[in-house]
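Protein chains in written order, with UniProt numbering: chain A, 1 to 384; chain B, 1 to 384.
Hints may contain errors.
Stated by the list, open to error - List of simulated lysine-lysine pairs, DSS-like, C-alpha gap at most 30 Å:
1) A/LYS347 with B/LYS45
2) A/LYS335 with B/LYS376
3) A/LYS347 with B/LYS9
4) B/LYS354 with A/LYS45
5) A/LYS354 with A/LYS380
6) B/LYS347 with A/LYS93
7) B/LYS45 with A/LYS346
8) A/LYS347 with B/LYS335
9) B/LYS202 with A/LYS377
10) A/LYS354 with B/LYS45
11) B/LYS354 with B/LYS149
12) B/LYS380 with A/LYS93
13) B/LYS67 with A/LYS346
14) A/LYS202 with A/LYS244
15) A/LYS233 with A/LYS99
16) A/LYS9 with B/LYS45
17) A/LYS233 with B/LYS335
18) A/LYS202 with A/LYS93
19) A/LYS149 with A/LYS164
20) A/LYS202 with B/LYS380
21) A/LYS335 with B/LYS244
22) A/LYS335 with A/LYS354
23) A/LYS45 with B/LYS9
24) B/LYS244 with A/LYS9
25) A/LYS45 with B/LYS67
26) B/LYS202 with A/LYS9
27) B/LYS377 with B/LYS354
28) B/LYS202 with A/LYS380
29) B/LYS134 with A/LYS45
30) A/LYS202 with B/LYS377
Note that these hints are calculated values from the structure, not bench results.
Protein chains: 2
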Amino acid sequence: MNYFSSNFKLGILGGGQLGKMLLNDTRKFDIYTCVLDPSNEAPCKIASNEFHLGDLMDYDAVYNFGKQVNVLTIEIENVNVDALETLEKEGVKVYPSSKTLRIIQNKATQKLFYVDNNLPTAPFSRFAYTSEIKEAINHGGLSLPFVWKCAQFGYDGTGVKIVKSIEDLEGLPNVECITETLVPFKNELAVIVARNPSGDIKTFPVVEMEFHPDANQVEYVICPARVSDAVAKKAVEVALNTSKAYNHVGLLAVEMFQTQNDDILINEVAPRPHNSGHQTIEASYTSQFEQHLRAILNLPLGRTNSKVGGVMVNLVGAEGCSGNVVYENIEAIMKLDGVTPHIYGKKQTRPFRKMGHVTIVNEDLNEARRIAEEVKKTIKVISE
Amino acid sequence: MNYFSSNFKLGILGGGQLGKMLLNDTRKFDIYTCVLDPSNEAPCKIASNEFHLGDLMDYDAVYNFGKQVNVLTIEIENVNVDALETLEKEGVKVYPSSKTLRIIQNKATQKLFYVDNNLPTAPFSRFAYTSEIKEAINHGGLSLPFVWKCAQFGYDGTGVKIVKSIEDLEGLPNVECITETLVPFKNELAVIVARNPSGDIKTFPVVEMEFHPDANQVEYVICPARVSDAVAKKAVEVALNTSKAYNHVGLLAVEMFQTQNDDILINEVAPRPHNSGHQTIEASYTSQFEQHLRAILNLPLGRTNSKVGGVMVNLVGAEGCSGNVVYENIEAIMKLDGVTPHIYGKKQTRPFRKMGHVTIVNEDLNEARRIAEEVKKTIKVISE
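Using the sequences and the hints given, assemble the complete structure.
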């Protein structure tokens with residue numbers, strides 16, 4: 001298949017910021033790209049060759065879109081997997097596969113998959129409904145505290161709650177869910193693994209998600225992670241074993257906990273470009289987006305090491321601000337060394353909505369981390 | 001002016017590959033962008049917010065387009081400057097200015113400008129018509145050999161000829177032209193200077209254009225240039241003085257000769273992103289395209305030093321091939337370390353047409369240069 005010809009069409013399910021950044025690389029390689037998204041204001045509307053409006057969970061919308069392309073990928077997991085399965089049977093190359101997505105879409109299935117494949121993950125229990133949890137606690141089958149996770153459709157922090165007392169269960173949706181032992185961890189780490197259909201595999205360096213000391217929120221993604229070589233090696237091994245078990249094509253971002261004993265436990269995975277890899281655009285020889293494209297098109301994978309140290313700060317909507325977005329002090333942060341803002345192009349801000357990110361690169365990682373703090377203190381995503 | 005709002009519009013005259021690469025950065029910053037180009041197949045048609053069809057040399061086309069934007073820039077010099085002058089008077093910010101463009105558009109005017117500003121350049125003579133040259137030789141006012149240059153509209157090697165004998169003059173168009181003393185040079189160097197309206201100035205590192213030993217054609221752009229610190233310093237000084245004389249806003253790419261005595265002579269300039277800066281996308285902290293955008297929007301200029309060594313190879317159409325383009329062996333070069341092809345998206349190839357470029361980055365510049373040679377030997381731009 002000649003990807004670099006106008007007879008080839010790549011389809012992307014989802015037209016958000018990840019798709020938008022992927023389109024930079026389809027444009028760089030001049031690959032014809034079609035995007036399906038439910039919103040007429042999707043960031044991908046520009047820069048795709050064809051933009052199609054449609055519901056990603058709708059069988060017909062996904063099937064009809066998929067029939068028009070040669071290779072189909074995703075930028076969001078919540079898509080109609082039955083349609084993908086039919087498309088695969090009918091010869092469309094779907095990466096990640098319907099099989100991979102089915103396991104990942106449901107957190108209970110995903111956790112069982114790790115257990116079945118002897119992959120390290122925190123102990124958990126599965127419930128058909130949240131209402132069954134109280135009974136399990138009362139019968140001694142479950143002890144507090146734990147992490148409650150909605151099994152399906154949780155995304156970016158929604159659908160996850162730390163439950164310390166029975167009262168914390170109140171207000172949670174009564175849905176299929178899992179409870180996970182609360183693991184006291186030293187670090188949250190991530191490794192992005194790329195694999196193409198020929199079976200070539202490359203891993204990006206281990207990154208560290210640095211949390212705010214008070215708020216339980218990732219503040220910085222730091223590449224490379226400030227951990228020992230032994231811990232980094234173990235994290236890469238776990239990520240590679242996870243990749244092997246899924247047998248995925250494209251990227252697999254593996255989020256992990258480094259426990260107090262320096263064990264590595266898988267938290268969850270994403271079979272696509274991921275927030276923990278944004279700094280690769282400026283810091284790595286190959287960006288995660290170019291690498292995803294190389295992988296799904298069965299091109300040779302690019303170098304994954306870093307040119308320089310990288311730190312990423314998410315730009316999320318400020319609390320109390322809703323409406324037309326304003327990036328306050330963006331010019332001030334652009335004065336700082338090695339600072340690149342990425343604005344996703346969403347017109348409306350809402351509290352905690354992901355509106356962009358800022359990458360800080362420097363030959364000295366500590367200096368990048370210092371500048372990142374200044375960036376975080378300075379820029380604000382507010383409304384008009 | 002809030003550039004990061006939907007009320008702001010940036011206009012670009014020209015929709016070719018330079019505009020296309022600039023659009024990557026307008027998309028990154030979510031800046032609303034309008035492009036004017038005469039071809040419906042222009043690489044900028046995708047990824048601009050608005051694409052307008054029109055002749056860049058036509059007063060009305062340029063004026064009417066310019067009236068719709070807040071800041072107007074170019075990706076090609078051959079545009080209607082009278083329209084730009086009117087737009088400036090009417091409050092549109094035009095960078096580079098009509099004044100800068102008027103000097104640069106005509107090679108005779110450009111050379112006189114260097115003389116007037118005590119900037120070093122090779123001696124030259126000016127002729128209203130090529131036919132007058134023979135007379136000058138006969139009267140002893142001009143001696144062979146020399147370089148003949150068409151004064152206007154020469155681009156990418158057209159409009160330039162080395163004249164060694166009177167017979168070489170035959171077949172040249174009878175137009176306004178200059179003749180320049182043939183300078184035996186050690187190296188052709190270039191420095192890109194960025195300047196914003198506030199007067200902030202930054203220079204990218206000196207690059208070297210390595211020529212094919214037989215064919216008189218640039219084969220590689222190498223960053224940084226393999227010259228002594230003293231020569232590099234002198235080249236930067238000449239570039240800065242040139243920038244100061246033009247008082248331009250945006251980028252100014254200054255092409256220079258390093259003579260046998262290590263003098264620096266200005267060859268010519270381009271007030272925009274330039275072929276000698278493509279490697280900045282992968283090699284520099286700030287790409288030339290992002291820097292041009294920062295400069296014309298009066299944003300702080302970014303760091304211009306390199307993360308790693310960079311070499312750039314142009315992808316031009318192979319001799320004897322015309323028609324639908326095929327990039328032969330593109331997958332083979334993507335196997336090599338640190339290799340990124342940029343495909344401009346032109347559907348038709350012609351001999352020597354610029355169809356793309358390949359950047360090779362490496363922590364070791366010599367290794368990048370070695371891989372670049374392999375790239376050049378391997379990939380071919382042919383027709384179906």
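Hints versus structure:
{"no.": "1", "hint": "A/LYS347 with B/LYS45", "verdict": "23 Å, holds"}
{"no.": "2", "hint": "A/LYS335 with B/LYS376", "verdict": "38 Å, violated"}
{"no.": "3", "hint": "A/LYS347 with B/LYS9", "verdict": "15 Å, holds"}
{"no.": "4", "hint": "B/LYS354 with A/LYS45", "verdict": "28 Å, holds"}
{"no.": "5", "hint": "A/LYS354 with A/LYS380", "verdict": "12 Å, holds"}
{"no.": "6", "hint": "B/LYS347 with A/LYS93", "verdict": "26 Å, holds"}
{"no.": "7", "hint": "B/LYS45 with A/LYS346", "verdict": "22 Å, holds"}
{"no.": "8", "hint": "A/LYS347 with B/LYS335", "verdict": "40 Å, violated"}
{"no.": "9", "hint": "B/LYS202 with A/LYS377", "verdict": "27 Å, holds"}
{"no.": "10", "hint": "A/LYS354 with B/LYS45", "verdict": "28 Å, holds"}
{"no.": "11", "hint": "B/LYS354 with B/LYS149", "verdict": "21 Å, holds"}
{"no.": "12", "hint": "B/LYS380 with A/LYS93", "verdict": "28 Å, holds"}
{"no.": "13", "hint": "B/LYS67 with A/LYS346", "verdict": "27 Å, holds"}
{"no.": "14", "hint": "A/LYS202 with A/LYS244", "verdict": "12 Å, holds"}
{"no.": "15", "hint": "A/LYS233 with A/LYS99", "verdict": "28 Å, holds"}
{"no.": "16", "hint": "A/LYS9 with B/LYS45", "verdict": "18 Å, holds"}
{"no.": "17", "hint": "A/LYS233 with B/LYS335", "verdict": "25 Å, holds"}
{"no.": "18", "hint": "A/LYS202 with A/LYS93", "verdict": "21 Å, holds"}
{"no.": "19", "hint": "A/LYS149 with A/LYS164", "verdict": "14 Å, holds"}
{"no.": "20", "hint": "A/LYS202 with B/LYS380", "verdict": "28 Å, holds"}
{"no.": "21", "hint": "A/LYS335 with B/LYS244", "verdict": "22 Å, holds"}
{"no.": "22", "hint": "A/LYS335 with A/LYS354", "verdict": "23 Å, holds"}
{"no.": "23", "hint": "A/LYS45 with B/LYS9", "verdict": "18 Å, holds"}
{"no.": "24", "hint": "B/LYS244 with A/LYS9", "verdict": "48 Å, violated"}
{"no.": "25", "hint": "A/LYS45 with B/LYS67", "verdict": "26 Å, holds"}
{"no.": "26", "hint": "B/LYS202 with A/LYS9", "verdict": "41 Å, violated"}
{"no.": "27", "hint": "B/LYS377 with B/LYS354", "verdict": "17 Å, holds"}
{"no.": "28", "hint": "B/LYS202 with A/LYS380", "verdict": "28 Å, holds"}
{"no.": "29", "hint": "B/LYS134 with A/LYS45", "verdict": "59 Å, violated"}
{"no.": "30", "hint": "A/LYS202 with B/LYS377", "verdict": "27 Å, holds"}
Checked against the numbered hints given earlier, the structure breaks hints 2, 8, 24, 26, 29 and satisfies all the rest.
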